[in-house]
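Student: Sequence:
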Amino acid sequence: MKILGIDTILHDVCVAVVEDGRFVLSNVNEHTVMKSDKLYNLVDSHLNQIGPVIKRALTKSKCKMEDISLISVNNFGSFFSNVSIGLTAAEVLASVLNKPLIQVYHQEAHYFSNWLEREQSDFNFPILVLSSSGGHSGIIKILNNKFEFKELFRIDAMKRKSKNKPNFRGIGAVYSYLADALKIGGPISSGPVISDYAKKGDKNKFNLTKEIGSFDITKLDFSKIEKIISKTISEKRKKKKNLSQKFISDLCASFEQTMGELISNGLLKLAEKEKVKEVHLVGGISANDNLRNILSKDCLAQNLEFKYPVKKSYCTDNAAMIASLGYYKYKLLSVREKKELLKNHEIKINSNLKLEQMALNQRKNNVK
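My numbering numbers the first residue of the sequence shown as 24 and each following residue consecutively.
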């Protein structure tokens, strides 16, 4: 069974063709880096990109639309307009070609991205999963092979300041902060940049862990390490305005090592409490080699299976994971539910509209 996956999520237009939930025939991603004050332009970009990207995905998979048995589409995102472009394309294709259409939440697809290129029999339940991409972070417990899970902790994007968490910073936000503070990158794709510098640095140069003290992984709050980083950089700039390449590399290496230790120690404590058999790392953070190595060694010592996506292209935003989860969800439906999907091609978007309002305000200001 061949599934066409579609996801238009913020900076990316993603389309993939996956067979039987795990064989990836094509996985195309059109990435458009847009500054935060120009977000409204992403809608125009996605409108122009969606058609050609679908065509490229089909061509690369050596498939025609007639070969597709199911269309799976993301219907969740802060940017309503972007999500609606992919969703509308999926609805039109499903209606014209009379194909069943199934909805998948973007974040949920990340949770199960480890199923790509793996057998269902490869997994032992229950499983503890940490997913983190950009400002989003979540920890879930997968209960069984029916894709049922319990959400333990979740943070959607960067939280606004509040009395309870005045300085909350998610994993992705801290990476972005460090890249910006060191002037080595912007808010998008800052992780790979930091990793490149870290490879040339001394991970023991700065003892960041000592100043952090107690850390609770369930809060998903890394504001303490951001404060320490800020202090370290400020003190260095007082002595020397321009930061040396050695200082930057050493700080990146020490930061990655500290983040790895904090995340690994926190997850293993939680794994013991939840009595799981496997620990999974998914989302953008799962592409980090240092974190993979630390978790791999720590899980092995605790006799826990550890998995991360087979390819790094499955860590970042992609439509292969949308197609894969769509397939497994479809297989669990009854005959009646499958017939209903074939009749009804209308799917509602689940959005909190935060970025949408920001983009609308930007467009208005631009027109003025």
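Please note that a few of the clues may not be correct.
As the list claims (entries may be wrong) - Here are the computed lysine-lysine pairs in the PhoX-like style, where the Cα-Cα straight-line distance is at most 25 angstroms: (1) 173 - 259; (2) 222 - 250; (3) 206 - 164; (4) 206 - 242; (5) 259 - 269; (6) 254 - 228; (7) 233 - 222; (8) 269 - 296; (9) 354 - 164.
As the list claims (entries may be wrong) - Computed spacing ranges between beta-carbons, pair by pair: (10) 325 - 242: 21 to 29 angstroms; (11) 335 - 144: 23 to 31 angstroms; (12) 75 - 118: 17 to 25 angstroms.
Since the hints were derived computationally from the structure, they do not count as laboratory data. Heads up, the beta-carbon is just placed ideally off N, CA and C, and yes, glycines get one too.
Student: With reference to the structure, classify each hint as holding or not holding.
Tutor: Hint check results:
Taken as a hint, the residue 173 and residue 259 pair is broken in the structure, with Cα atoms around 45 angstroms apart against an allowance of 25 angstroms. About 23 angstroms separates the Cα atoms of residue 222 and residue 250, which keeps this hinted pair within 25 angstroms; it holds. The straight-line distance between the Cα atoms of residue 206 and residue 164 is roughly 38 angstroms, outside the 25 angstroms bound, and the hint therefore fails. Taking the CA atoms of residue 206 and residue 242, the gap is near 28 angstroms; set against the 25 angstroms cutoff, the hint is violated.
Between residue 259 and residue 269, the direct Cα distance comes to roughly 12 angstroms. Compliance with the 25 angstroms bound is thereby established for this hinted pair. Annotation: proposed proximity of residue 254 to residue 228 holds, straight-line Cα distance about 15 angstroms (limit 25 angstroms). A distance of roughly 22 angstroms separates the Cα atoms of residue 233 and residue 222; the hinted pair therefore holds under the 25 angstroms criterion. Restraint check for residue 269 and residue 296: not satisfied, since their Cα atoms lie roughly 41 angstroms apart, outside the 25 angstroms limit.
Distance restraint check for residue 354 and residue 164: the Cα-Cα separation of roughly 21 angstroms lies within the 25 angstroms cut-off, and the hinted pair is therefore satisfied. In this structure, residue 325 and residue 242 meet the distance hint of 21 to 29 angstroms, their C-beta atoms being roughly 22 angstroms apart. The hinted window of 23 to 31 angstroms between residue 335 and residue 144 holds, with their beta carbons roughly 24 angstroms apart. Checked against the hint of 17 to 25 angstroms, the pair residue 75 and residue 118 passes, with Cβ atoms roughly 21 angstroms apart.
Of the hints listed earlier, those the structure fails to meet are numbers 1, 3, 4, 8, in rising order.
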